[in-house]
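Q: Protein sequence lines correspond, in order, to chains V and P. The first sequence runs 2 to 198 under the working numbering. The second sequence runs 27 to 117 under the working numbering.
It should be emphasised that the hints constitute simulated quantities derived from the structure, not laboratory data. Model, not experiment: these values are computed from the prediction. One should not assume that every hint holds.
Stated by the list, open to error - Straight-line alpha carbon distances no greater than 27 Å define the calculated DSSO-like cross-link-like pairs of lysine-lysine that follow: (1) K75(P) to K114(V); (2) K53(V) to K51(P); (3) K53(V) to K82(P); (4) K144(V) to K51(P); (5) K75(P) to K116(V); (6) K53(V) to K52(P); (7) K116(V) to K82(P); (8) K114(V) to K82(P); (9) K52(P) to K144(V).
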Amino acid sequence: MIFLMVIFTLLGIFAAQFGILPGGVIGQSGNITEYSLYLLLLIVGYDIGRDKDAVMRLITKDKFAFFVPFGTVIGTLIGGYIASLFINLSANDSLAVAAGFGWYSLSAVIITKMKSADLGSIAFLANVFRELLSILLIPIIAKRVGPYVSIVPGGATTMDTTLPIIEKYAGESAAIVAFAHGFILSALVPVIVPIFL
Amino acid sequence: MVKYLIFLSIGILFGIFAPEINGVKKVKSILMSVSVLCLLFFMGVGIGKDPELKLKIANFGLNALVISSFSILFSIIVVFIMVRAFRRHQK
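Pulled out of the complex, with its shape left as it was, chain V reads as follows:
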């Protein structure tokens, strides 16, 4: 399944980039993504509601998992700062790009408006890469490291695009935490990105 997921994502990128898809389909891609997401959220919700043990386990044993978003924020910013030591960008610019937490559309727009189109392009790509790498990493980390750590790469996308992947590979408890994680990080993007610009 993981290979299929990566292949379908790449197929979508290439199909749009090389004009294989009709213009109408490309124009509607946002709506189709949105409706697929609603359906997935219903299914993920259904699974959570069905697995009462997962909810109880989270409330009684794994309460700490709700602190995961704060670890993601701190780790992402440390990573953004260290990345600036290896590339030709200032620490603030690199931190602003990293603070997109995978939400490529919003962070790129904010950075383009507040700083420059070039840095906006870097933000777009860096956050697209974060989302693509997450699709690859979530199943591996869920299996080898642990369910809650597997939420982390997805950043702000764990409340939408990467949520079904987390639910499938890390389980229902992780899906509940992932939704809260994505919700908190998405709310923080428009607050943290401008701080560094």
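Given the coordinates of chain V, work out where chain P should sit on it, guided by the hints.
A: Relative to chain V, chain P alone:
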């Protein structure tokens, strides 16, 4: 964001209150796989429809890859340490 929460909540309520029906698991599993692939394909279309994507990757790809890789790596390290510390504290 609120819409997502509403759809998730409706799903949870269904999960709690809907009666068990034979065959639902299989249909749900197929529906889930198809909609995940559909979502990822059209997410890819959303990324690929930018006509300047190739130019952006050629000019800024390496910088972007370094930032995303370090962000992911260090967030994994921080949360891994956090989860272990909490678990140890609980014992």
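Q: Each of the hints needs a verdict: does it hold here or not?
A: Hint-by-hint comparison with the structure:
no.: 1; hint: K75(P) to K114(V); verdict: holds, 21 Å
no.: 2; hint: K53(V) to K51(P); verdict: holds, 16 Å
no.: 3; hint: K53(V) to K82(P); verdict: violated, 47 Å
no.: 4; hint: K144(V) to K51(P); verdict: holds, 23 Å
no.: 5; hint: K75(P) to K116(V); verdict: holds, 24 Å
no.: 6; hint: K53(V) to K52(P); verdict: holds, 20 Å
no.: 7; hint: K116(V) to K82(P); verdict: holds, 17 Å
no.: 8; hint: K114(V) to K82(P); verdict: holds, 17 Å
no.: 9; hint: K52(P) to K144(V); verdict: holds, 24 Å
Hint compliance for this structure: hint 3 alone is broken.
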